[in-house]
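The task is simple: from the sequences and hints, build the whole structure.
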Amino acid sequence: RRLAAKVQAVSRERVRDELTRMLTEGRARRAFELLDETDLLVQVLPEAARMKGVEQPPQYHPEGDVWVHTLMLLEQLQAGCAMTLAWGALLHDVGKPPTLRVADRIRFDGHVDVGVAIGGDICRRFRFSNEETRQVLALIQNHMRFMDAPRMKASTLKRFFRLESFDEHLTLHRMDCMAASGNLDNWEFVRERYEATPEEAVR
Numbered sequence: 001r002r003l004a005a006k007v008q009a010v011s012r013e014r015v016r017d018e019l020t021r022m023l024t025e026g027r028a029r030r031a032f033e034l035l036d037e038t039d040l041l042v043q044v045l046p047e048a049a050r051m052k053g054v055e056q057p058p059q060y061h062p063e064g065d066v067w068v069h070t071l072m073l074l075e076q077l078q079a080g081c082a083m084t085l086a087w088g089a090l091l092h093d094v095g096k097p098p099t100l101r102v103a104d105r106i107r108f109d110g111h112v113d114v115g116v117a118i119g120g121d122i123c124r125r126f127r128f129s130n131e132e133t134r135q136v137l138a139l140i141q142n143h144m145r146f147m148d149a150p151r152m153k154a155s156t157l158k159r160f161f162r163l164e165s166f167d168e169h170l171t172l173h174r175m176d177c178m179a180a181s182g183n184l185d186n187w188e189f190v191r192e193r194y195e196a197t198p199e200e201a202v203r
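Numbering of the sequence shown is given in my numbering, commencing with residue 1 and proceeding in unit increments.
In case anyone wonders, no lab produced these hints; they're calculated from the structure.
For clarity, every value in this text was computed on a predicted model and none was experimentally measured.
Think of the CB as a built atom: it goes at the ideal place given N, C-alpha and C, for glycine as much as any other residue.
Heads up, some of the hints might be wrong.
Distance windows between CB atoms, simulated [stated by the list, open to error]:
hint	residue 1	residue 2	range
1	Glu55	Gln8	28 to 38 angstroms
2	Ala4	Lys158	43 to 53 angstroms
3	Glu192	Leu3	44 to 54 angstroms
4	Pro46	Thr156	30 to 40 angstroms
5	Lys52	Ser181	33 to 43 angstroms
6	Glu55	Glu33	11 to 21 angstroms
7	Leu3	Glu195	44 to 54 angstroms
Have a look at this one:
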C-alpha cells in the first residue's frame, strides 16, 4: 500500500500484460481482490475501483453492488480463456458508476454507451491492438441485447449471431446471469437458436 503509487512508473504495456495474466490464469477474482486490498486497483484501473459501493436494484441484482457483481463474473473465468472475453467481463458494467440515477428505482440509463466510451479509453491507454479493442468494446456494447432476443425478428437475430466471436458473447451473458439472478431463460433461447441456425446464415 505504501508503494502503490510507484506502479505509475511501470510501462502501460507491462501493466496490461500483468492484468491480462491475472484475468486469464484461473484466479481472476482473487487477483483483483488483492489489487484492491493493496491499493493498486485505483492506481492501474480507477474505472474499476469506482464500481465499489455502487448499489444495484436488488430485484435484478441480489448479489450486491457493481463491484461484487463484477468479482462474481471474474470468478467464473476459466484458465486459458480468451483475453478479450476476460477484459469484456471486467469492463462490461464500467459505465454504471457514472450513470447511476435513483428514481422509481435504481437505474443506469445509457450505461452501455458510456461503458463503450470508457472501455475505449482503457483500451487506448493500455495500447490494445485494434482487433482486441473491437472485440472488448463489442462485448460491452452488446451484453444487454440478450434481453431483447425473444422479441427479435428472425433476420435481426441472425445479424446478432454474426457478431465476431459470438461464442464469447454467449459466454459473457451466461456469466452475467449467474452473477446476478441466475435466470438463464434468455441465454437458453439464444443458445438454442444459434446452434440450430445453419452455419452459412451466420457467416
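Verification of the hints:
In this structure, Glu55 and Gln8 meet the distance hint of 28 to 38 angstroms, their C-beta atoms being roughly 30 angstroms apart. Hint check: Ala4 to Lys158, Cβ distance near 48 angstroms, so the stated range 43 to 53 angstroms holds. Roughly 51 angstroms separates the CB atoms of Glu192 and Leu3, a value that falls within the hinted 44 to 54 angstroms. Between Pro46 and Thr156 the Cβ separation comes to about 37 angstroms, which falls inside the hinted range of 30 to 40 angstroms.
Look at Lys52 against Ser181: about 21 angstroms separates their beta carbons, and that is not inside 33 to 43 angstroms. As the Cβ distance of Glu55 to Glu33 is approximately 20 angstroms, the hint placing it in 11 to 21 angstroms holds. Taken as a hint, the range 44 to 54 angstroms holds for the pair Leu3 and Glu195, whose Cβ atoms sit roughly 50 angstroms apart.
When each numbered hint is compared with the structure, a violation occurs for hint 5 only.
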